[in-house]
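Q: Take a look at the letters that make up each chain.
Number of protein chains: 2
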Amino acid sequence: MKVNDCPLCKSDGGKLVFRNPQLRIIQADEPGFPAFYRVVWNRHVAEWSDLLPAERETCMNVVVTVERILRSELQPCKINLASLGNAVPHLHWHVVARFEWDSHYPASVWGAPKRASAADKLALVASRCLNVNRLIAIKTAP
Amino acid sequence: MKVNDCPLCKSDGGKLVFRNPQLRIIQADEPGFPAFYRVVWNRHVAEWSDLLPAERETCMNVVVTVERILRSELQPCKINLASLGNAVPHLHWHVVARFEWDSHYPASVWGAPKRASAADKLALVASRCLNVNRLIAIKTAP
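Taken in order, these protein sequences are the chains called S and Y. Under the numbering used here, the first sequence has 18 at position 18, and the numbering climbs by one with no breaks. Every number in the numbering used here is 142 more than the matching position in the second sequence, counting from 1.
No lab work stands behind these hints, which were simulated from the structure alone. Bear in mind that the values here come from a model prediction, so they are computed numbers and not experimental data. Be aware that one or more of the hints could be misleading.
Residues from chain S shown here face chain Y by an in silico Cβ test under 10 Å; the list is partial [as the list claims (entries may be wrong)]: (1) C6; (2) P7; (3) V64; (4) T65; (5) E67; (6) L74; (7) N86; (8) A87; (9) P89; (10) V109; (11) W110; (12) S127; (13) R128; (14) A137.
Quick list of simulated restraints, FRET-style, between CB atoms [to be verified]: (15) S:K2 <-> Y:V145: 41 to 51 Å; (16) Y:D147 <-> S:G111: 21 to 31 Å; (17) S:A87 <-> Y:H186: 42 to 52 Å; (18) S:N4 <-> Y:R161: 19 to 29 Å; (19) S:A116 <-> Y:L158: 39 to 49 Å.
Heads up, the beta-carbon is just placed ideally off N, CA and C, and yes, glycines get one too.
All chains, please: the whole structure from these sequences, using the hints.
A: So, in structure tokens, the structure goes:
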């Protein structure tokens, strides 16, 4: 099941917030983006359509749970969702809370920065993410 | 229901491939990416979690249908899915077939290009997209 040299088969891929046999939720280590989460399918598959319908439903329900918690706790101006996997073709959903003041807004987080984020704003989001992590663990558990 | 100055309330947003009362599928006009599709929710909502569960299921089933057709017809090295909406906060899913030779691979399509795509390869994908469009219309219709 595990694929040699796949970073998401080898390790959690970030700070583990929740894990069950099918998937895990990590808080990514992305400088400038404290509210950058990933829902990682534990089994190594590359594409969204590789999952069974029931697996996609399970996974997407978790993505929506994370999105809802980010919206209620952080009031971002936008949520960004993406399953790209060009660099790491192991299915994972990026769930990112975006703010007008963040380094890349309104561009995607994968382009060049437009500005530096204010340290106080980043620190406030980071501190609120402690509660986001707590709520993710509570609300995702069966 | 329609929002003033929302480009996706005002127009289809690209070449219309399929439309029903809930959603539409367009082939985007993105130079260098002939196989760049969008599933646009017709009603103006900003976030994925603004949809009802049944609406999300409907929408995601269509995203998966488009992904499957792109995979079978074009054999891309990766599919990229994303709902960002920072510039246009009207719910739409990007469904993009990626190739090792495309201008941005392995980076996201929203960053800076790494190279020019070969014209013959682009032309071949564009010609195959005629069949993709035909299949999308057939397989998405009830």
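Q: Now tell me, hint by hint, if it's right for this structure.
A: Cross-check of the supplied hints:
no., hint, verdict
1, C6, "14 Å, violated"
2, P7, "14 Å, violated"
3, V64, "5 Å, holds"
4, T65, "9 Å, holds"
5, E67, "5 Å, holds"
6, L74, "13 Å, violated"
7, N86, "4 Å, holds"
8, A87, "5 Å, holds"
9, P89, "6 Å, holds"
10, V109, "9 Å, holds"
11, W110, "4 Å, holds"
12, S127, "24 Å, violated"
13, R128, "18 Å, violated"
14, A137, "19 Å, violated"
15, S:K2 <-> Y:V145: 41 to 51 Å, "47 Å, holds"
16, Y:D147 <-> S:G111: 21 to 31 Å, "24 Å, holds"
17, S:A87 <-> Y:H186: 42 to 52 Å, "34 Å, violated"
18, S:N4 <-> Y:R161: 19 to 29 Å, "45 Å, violated"
19, S:A116 <-> Y:L158: 39 to 49 Å, "41 Å, holds"
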